[in-house]
Amino acid sequence: MKYITPVFDVHQFNLAYQEGVREFLIAPTKLSRFGKLELREASDFALSIKEKNDVTVVLEWDALYCQNKFSQLINELKSFNFEVFDEIRVQDPGVFGWVLKNLNQPIQLNLETGNHNLEAIKNWASYGKKRISRLILSPELPGNIITEYRKNLDVPFELMGIGRILLFYTPRELLSPLSNDKREVLEGSASSEESPHSGFQLLQNEHGTFMFNPKDQSLLDQIDAVEMAGVAHLRLDLRFHDYQSLFPFVMSALQSGKTDDLKSNWPVKFFAGFFRVNKTDALFKKLKNRKIVRQDQNYLGVVLDVIKKETMGIKLKTRELGLSAGDTIEIHTPEGRVKKQKIDQLFNSKGESISNATAGQIVFMKHIGGVSIRSSVYKSQQA
Amino acid sequence: MRTASEILAPAGNLEKLKVAVLYGADAVYIGGQKYGLREASENFTYDEIREGVEFAHQHQSKVFVVLNGFLHDSDLETLPEFLSFLENVGVDAVIVSDLGVIATVRKFSNLEIHLSTQASCLNVEAAKFWKDQGVKRVVLGREVSIPEAALIKRESGLEVELFIHGSMCMAYSGNCVISNYTQGRDSNRGGCAHSCRFGYEIELNDDQKKISAYFMSSKDLEGIRLIPDFVEANIDSLKVEGRMKSAHYAGTVSKVYREAMDFYIEHGHLLTDKIYEWEKELRKISHREYTQASLLTPAGADSIYDEREHEDKEYQVVGVVQETVPGEFCLIEVRAAFCPGDTLELMPWKGDCVDKELDFVRDFADRPVPKSRPGTLVKIPWMQGAEPYNLIRRKCP
Numbered sequence: 002m003k004y005i006t007p008v009f010d011v012h013q014f015n016l017a018y019q020e021g022v023r024e025f026l027i028a029p030t031k032l033s034r035f036g037k038l039e040l041r042e043a044s045d046f047a048l049s050i051k052e053k054n055d056v057t058v059v060l061e062w063d064a065l066y067c068q069n070k071f072s073q074l075i076n077e078l079k080s081f082n083f084e085v086f087d088e089i090r091v092q093d094p095g096v097f098g099w100v101l102k103n104l105n106q107p108i109q110l111n112l113e114t115g116n117h118n119l120e121a122i123k124n125w126a127s128y129g130k131k132r133i134s135r136l137i138l139s140p141e142l143p144g145n146i147i148t149e150y151r152k153n154l155d156v157p158f159e160l161m162g163i164g165r166i167l168l169f170y171t172p173r174e175l176l177s178p179l180s181n182d183k184r185e186v187l188e189g190s191a192s193s194e195e196s197p198h199s200g201f202q203l204l205q206n207e208h209g210t211f212m213f214n215p216k217d218q219s220l221l222d223q224i225d226a227v228e229m230a231g232v233a234h235l236r237l238d239l240r241f242h243d244y245q246s247l248f249p250f251v252m253s254a255l256q257s258g259k260t261d262d263l264k265s266n267w268p269v270k271f272f273a274g275f276f277r278v279n280k281t282d283a284l285f286k287k288l289k290n291r292k293i294v295r296q297d298q299n300y301l302g303v304v305l306d307v308i309k310k311e312t313m314g315i316k317l318k319t320r321e322l323g324l325s326a327g328d329t330i331e332i333h334t335p336e337g338r339v340k341k342q343k344i345d346q347l348f349n350s351k352g353e354s355i356s357n358a359t360a361g362q363i364v365f366m367k368h369i370g371g372v373s374i375r376s377s378v379y380k381s382q383q384a
Numbered sequence: 042m043r044t045a046s047e048i049l050a051p052a053g054n055l056e057k058l059k060v061a062v063l064y065g066a067d068a069v070y071i072g073g074q075k076y077g078l079r080e081a082s083e084n085f086t087y088d089e090i091r092e093g094v095e096f097a098h099q100h101q102s103k104v105f106v107v108l109n110g111f112l113h114d115s116d117l118e119t120l121p122e123f124l125s126f127l128e129n130v131g132v133d134a135v136i137v138s139d140l141g142v143i144a145t146v147r148k149f150s151n152l153e154i155h156l157s158t159q160a161s162c163l164n165v166e167a168a169k170f171w172k173d174q175g176v177k178r179v180v181l182g183r184e185v186s187i188p189e190a191a192l193i194k195r196e197s198g199l200e201v202e203l204f205i206h207g208s209m210c211m212a213y214s215g216n217c218v219i220s221n222y223t224q225g226r227d228s229n230r231g232g233c234a235h236s237c238r239f240g241y242e243i244e245l246n247d248d249q250k251k252i253s254a255y256f257m258s259s260k261d262l263e264g265i266r267l268i269p270d271f272v273e274a275n276i277d278s279l280k281v282e283g284r285m286k287s288a289h290y291a292g293t294v295s296k297v298y299r300e301a302m303d304f305y306i307e308h309g310h311l312l313t314d315k316i317y318e319w320e321k322e323l324r325k326i327s328h329r330e331y332t333q334a335s336l337l338t339p340a341g342a343d344s345i346y347d348e349r350e351h352e353d354k355e356y357q358v359v360g361v362v363q364e365t366v367p368g369e370f371c372l373i374e375v376r377a378a379f380c381p382g383d384t385l386e387l388m389p390w391k392g393d394c395v396d397k398e399l400d401f402v403r404d405f406a407d408r409p410v411p412k413s414r415p416g417t418l419v420k421i422p423w424m425q426g427a428e429p430y431n432l433i434r435r436k437c438p
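Protein chains in written order, with the numbering used here: chain U, 2 to 384; chain A, 42 to 438.
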């Protein structure tokens with residue numbers, strides 16, 4: 002397993018280098034969502050890091066840009082020294098396309114937003130042809146799925162090994178209206194009685210406002226499983242924490258496989274995200290009453306009104322299926338009951354007896370006990 | 042010669058589709074039982090999609106089907122069969138956000154592909170990328186301005202679609218997973234819990250005080266006064282959000298934007314008192330406070346809706362016409378209670394609403410009803426011009 006870590010100063014770099022890390026993310030403010038370096042600072046810093054011959058320096062360019070901002074940025078970048086970076090990490094397809102056309106470095110493609118199927122990942126990789134040196138996968142992908150992807154793709158994978166989980170990214174400034182503080186970067190936290198969780202970390206900078214999960218993600222106590230899944234690179238993302246004091250605990254945990262010291266020193270709780278399992282569609286079946294979802298076969302229409310023990314009105318909806326006196330219908334109630342009944346007589350809205358009716362019409366008949374409004378009506382296959 | 046932009050309305054079910062089409066939408070977008078972003082919505086069965094497409098085409102409207110979830114591998118397994126069905130029934134396009142879904146659509150069908158706003162396509166280079174993937178139209182991110190959209194269209198050669206009305210994600214679409222981590226529901230596969238609408242207590246790091254605010258909630262978009270900008274920029278389609286919203290909403294936005302668009306195409310301006318009428322109409326439906334958001338300049342602090350969620354509407358639909366017997370009665374499905382003596386308003390397909398005081402309200406067995414109950418059928422006096430799917434409403438008390 003190889004490690005990559007974002008660093009913002011020479012002290013962080015020296016510490017990580019001493020601990021054996023050889024790949025570094027450099028994040029300029031204008032390019033990276035969470036960047037802290039001016040463009041010139043970033044290229045100078047990259048140059049200084051590269052005095053060590055055995056390091057790889059990666060430019061992080063993951064912010065999103067509307068057209069006007071993007072045009073301005075590209076203008077500013079005319080004087081930027083891209084050459085000092087070994088690889089470029091991109092996320093927005095516009096930036097991806099621009100880098101493909103205008104730079105020569107290998108591209109690390111960040112697919113952390115969505116991209117939860119092999120077909121998507123294969124197509125992203127194939128668009129970049131041989132330029133793609135790495136795919137950064139979504140933290141929502143479980144290990145067993147990543148294992149399958151590994152068998153079908155030969156581009157190396159990266160996951161976030163430890164760090165904050167980004168939940169929300171907007172270009173709008175949401176914190177400055179709450180404060181008189183005119184600084185460009187504002188930080189805070191939010192809690193809601195309507196949410197089962199509290200202590201969401203907030204950040205506002207020149208790219209907009211970000212919200213983070215209260216618990217950080219850590220896969221450090223299951224490194225074996227991560228490796229088995231075919232992940233070659235692990236991101237150790239301490240950019241929001243005290244790098245100097247925590248990084249040694251991270252490396253110690255990786256070397257020993259024991260995370261107790263790390264957990265007790267880390268400022269927030271950890272969890273493994275969705276690496277073990279992702280069941281975020283399991284609750285969908287509870288979002289609506291499936292008993293009244295219409296089944297297409299033999300569907301006639303819906304009960305619009307009922308006068309108990311007297312009459313009920315049905316709106317016929319299926320063009321191919323009319324209803325005639327003498328037909329047998331099956332009614333499925335919202336409560337899940339099924340009623341079957343032969344129809345003796347049909348009426349129209351004027352109360353006149355009719356022999357049959359077709360789609361679009363409302364027909365009336367004798368009420369069938371237990372049938373309520375919104376029940377679905379089907380033509381019975383048995384006479 | 043000016044070309045009208047398409048008015049694209051939401052349709053959460055077959056009734057709303059018919060209402061939107063009859064009130065003037067050029068196209069509607071709908072969802073099947075899977076693959077979209079509105080898992081809790083009623084959505085369409087196969088037969089309903091077939092019927093909806095036939096109905097829309099009979100009225101010279103188009104139907105687009107959303108497949109815009111960030112689908113997982115297991116979701117893709119059944120997709121080819123659905124695509125084959127959509128192609129067979131003549132759906133006009135599918136709306137997709139995921140590259141794997143796009144590849145699947147291209148592999149198994151010849152369906153036209155529109156890129157969902159969920160993909161947050163924001164600039165020319167991004168649009169070119171999606172064009173290379175076989176996309177014909179991009180529904181641009183809500184952060185993109187009209188002039189930017191015009192440039193994206195010119196430079197990419199793609200059709201462009203912008204939102205003109207409705208609720209807005211505060212986040213870049215597709216870039217919010219709050220529900221995934223806090224509620225166990227995938228927001229990008231239809232399980233959004235609307236956490237951005239919650240009230241929060243906020244502590245800023247350098248400030249000692251706690252602030253209570255709905256700081257992540259966006260006002261609703263309303264772009265009616267910008268129709269000239271949209272048309273002059275050659276924006277191909279103007280989309281209204283809201284598949285979960287009511288038939289009243291679908292009908293009103295379709296009617297209002299149709300009338301405003303037609304007026305502009307005919308006269309070359311919107312300098313008319315009708316603009317006030319149209320805006321009044323848009324206040325009669327359920328909405329939050331309105332904003333033009335980023336349509337002209339990036340949305341600022343005044344685009345935040347710092348209030349608890351609540352129904353804000355001046356009118357309510359009390360019924361939908363089901364049948365008419367001219368000179369005798371209209372049979373309507375009741376959506377909100379009313380009584381004999383009340384004055385109701387018929388919303389015709391075109392033109393001004395028609396008031397009617399109710400001489401009688403009867404159940405379908407012709408017995409007098411002192412107060413109608415929602416979910417029942419009643420007969421009310423016949424109203425000139427009333428047709429099935431017309432909406433009947435009244436001012437909220």
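Hint data in this document are derived by calculation from the structure and do not stem from the laboratory. Fair warning: there could be bad hints in the mix.
Covered stretches of chain U (chain A as the covering partner; in silico rule of three or more C-beta atoms under 8 Å from a C-beta of chain A) [stated by the list, open to error]:
1. 14-24
2. 93-99
3. 105-118
4. 255-267
Where is the CB? At the ideal position from N, CA and C, for every residue including glycine.
Checked hints:
no.: 1; hint: 14-24; in the structure: violated (count 0)
no.: 2; hint: 93-99; in the structure: holds (count 7)
no.: 3; hint: 105-118; in the structure: holds (count 5)
no.: 4; hint: 255-267; in the structure: violated (count 0)
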